[in-house]
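Next come the chains, spelled out residue by residue.
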Amino acid sequence: MIEQKASRLNDYFDAQISLCEQRGKKLLADDRTDEANFEKVKANIYDIFRTIFSAGIKSCKDDSEAVKRFFMLKIQQIPTSWTEAYNKAKQHNDGVKMRIEQIKLDTAGEIRETFAEIWEEEE
Amino acid sequence: MTETEAIRLFKCLSDKSRLQILKSLAIEDMYVERLAERLGITAPTVSFHLKKLADAGAVTSYKSQYYMMYSLKKEIFETSISEILQEKSDEAEAQARRDAQYRQKVINAFFEYGKLKSIPAQHKKERIVLEVIVQAFEFDRIYSEREVNIIIADYHDDFCTIRRDMIGERLLARDTEGYWRVKE
Numbered sequence: 001m002i003e004q005k006a007s008r009l010n011d012y013f014d015a016q017i018s019l020c021e022q023r024g025k026k027l028l029a030d031d032r033t034d035e036a037n038f039e040k041v042k043a044n045i046y047d048i049f050r051t052i053f054s055a056g057i058k059s060c061k062d063d064s065e066a067v068k069r070f071f072m073l074k075i076q077q078i079p080t081s082w083t084e085a086y087n088k089a090k091q092h093n094d095g096v097k098m099r100i101e102q103i104k105l106d107t108a109g110e111i112r113e114t115f116a117e118i119w120e121e122e123e
Numbered sequence: 001m002t003e004t005e006a007i008r009l010f011k012c013l014s015d016k017s018r019l020q021i022l023k024s025l026a027i028e029d030m031y032v033e034r035l036a037e038r039l040g041i042t043a044p045t046v047s048f049h050l051k052k053l054a055d056a057g058a059v060t061s062y063k064s065q066y067y068m069m070y071s072l073k074k075e076i077f078e079t080s081i082s083e084i085l086q087e088k089s090d091e092a093e094a095q096a097r098r099d100a101q102y103r104q105k106v107i108n109a110f111f112e113y114g115k116l117k118s119i120p121a122q123h124k125k126e127r128i129v130l131e132v133i134v135q136a137f138e139f140d141r142i143y144s145e146r147e148v149n150i151i152i153a154d155y156h157d158d159f160c161t162i163r164r165d166m167i168g169e170r171l172l173a174r175d176t177e178g179y180w181r182v183k184e
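The listed protein sequences derive, respectively, from chains A and B.
Heads up: the first sequence begins at 1 in this note's numbering, then just goes up one per residue.
Heads up: the second sequence begins at 1 in this note's numbering, then just goes up one per residue.
Treat the hints with care, since some could be wrong.
To be verified - Computed cross-link-like contacts, DSS-like style, restricted to lysine-lysine with a CA-CA straight-line distance of at most 30 Å:
(1) A:Lys90 - B:Lys105
(2) A:Lys40 - B:Lys16
(3) A:Lys26 - B:Lys11
(4) B:Lys105 - B:Lys73
(5) A:Lys90 - B:Lys11
(6) A:Lys90 - B:Lys73
(7) B:Lys63 - B:Lys115
(8) B:Lys105 - B:Lys16
(9) A:Lys40 - B:Lys74
(10) A:Lys97 - B:Lys16
(11) A:Lys97 - B:Lys183
(12) A:Lys97 - B:Lys115
(13) A:Lys90 - B:Lys23
(14) B:Lys74 - A:Lys97
(15) B:Lys117 - A:Lys97
(16) B:Lys16 - B:Lys51
(17) A:Lys40 - B:Lys63
(18) B:Lys23 - A:Lys40
(19) B:Lys63 - A:Lys90
(20) A:Lys88 - B:Lys11
(21) A:Lys88 - B:Lys125
(22) A:Lys97 - B:Lys125
(23) A:Lys90 - B:Lys16
(24) A:Lys25 - B:Lys63
(25) A:Lys25 - B:Lys124
(26) A:Lys25 - B:Lys23
(27) B:Lys51 - A:Lys90
(28) B:Lys74 - A:Lys25
(29) A:Lys58 - A:Lys68
(30) A:Lys26 - B:Lys16
(31) A:Lys88 - B:Lys51
(32) B:Lys51 - A:Lys26
(33) B:Lys63 - A:Lys88
(34) A:Lys97 - B:Lys11
(35) B:Lys63 - A:Lys26
If you are wondering where the hints come from, they were derived from the structure by calculation, not from laboratory data.
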């Protein structure tokens, strides 16, 4: 059972990274470099949490609840520094930095929702 | 506009989304959501681009009722590229220093004890060498060809080539009266 869920989540990460790469290439070809970089930022976030998820699966073995606790903890902890960076940028009216931090936070939020959906749906 | 400002502006303009934003603002002042709707990109992305454009001095903003309106800084776009090129470079002093070093290097390489060792094949180097030799000529004085040859012969035996090249480089000029040193 846990293998199926893990497989679905890994497929989700792979699909999202692939989509980001496709959109990034298209944007770059259209001379929209900054927006292409946004896609790279998103792809990096998916990649970070894909790695964390793999580590969770390895360390928690067949314990679905333990995987969930591990992943949910990480996806709460890691974006804390992004929230801080966002708030700091806001204080300094740095719209450029704010946008990048917002993309990281939005992507992490989307991953959290997708994880919860997949993990709880099949339990 | 300083060189640094020009570089920042050009970098900022080399993005299609930002150009589209500027094109829209050239029509009329707009707020973020209106630009987002018009250009088919998200409002946060429009804000991102507007911030970059504002930092580059291309747009300005003002409050109008509930909205923050953005407008083109027209004076920036009325500056011509040739005006930017004519601005004194921040690098000018360093360039002048490098040019002087290069010049001295060429002089050291081609002159020995005040004599020209050989005529440089490279035009840029020959020009430097000829500029050194022409200093032996006074301004506002007419020289006969013989006098010119004697002065040049102090530097190098091939005075014919050097004399001809000095004319070609407009360091010396001549007419039926004789030769004279051209003022820069």
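Hints breached by this structure: Violated: hints 1, 4, 7, 8, 9, 11, 12, 15, 17, 21, 22, 24, 25, 28, 35.
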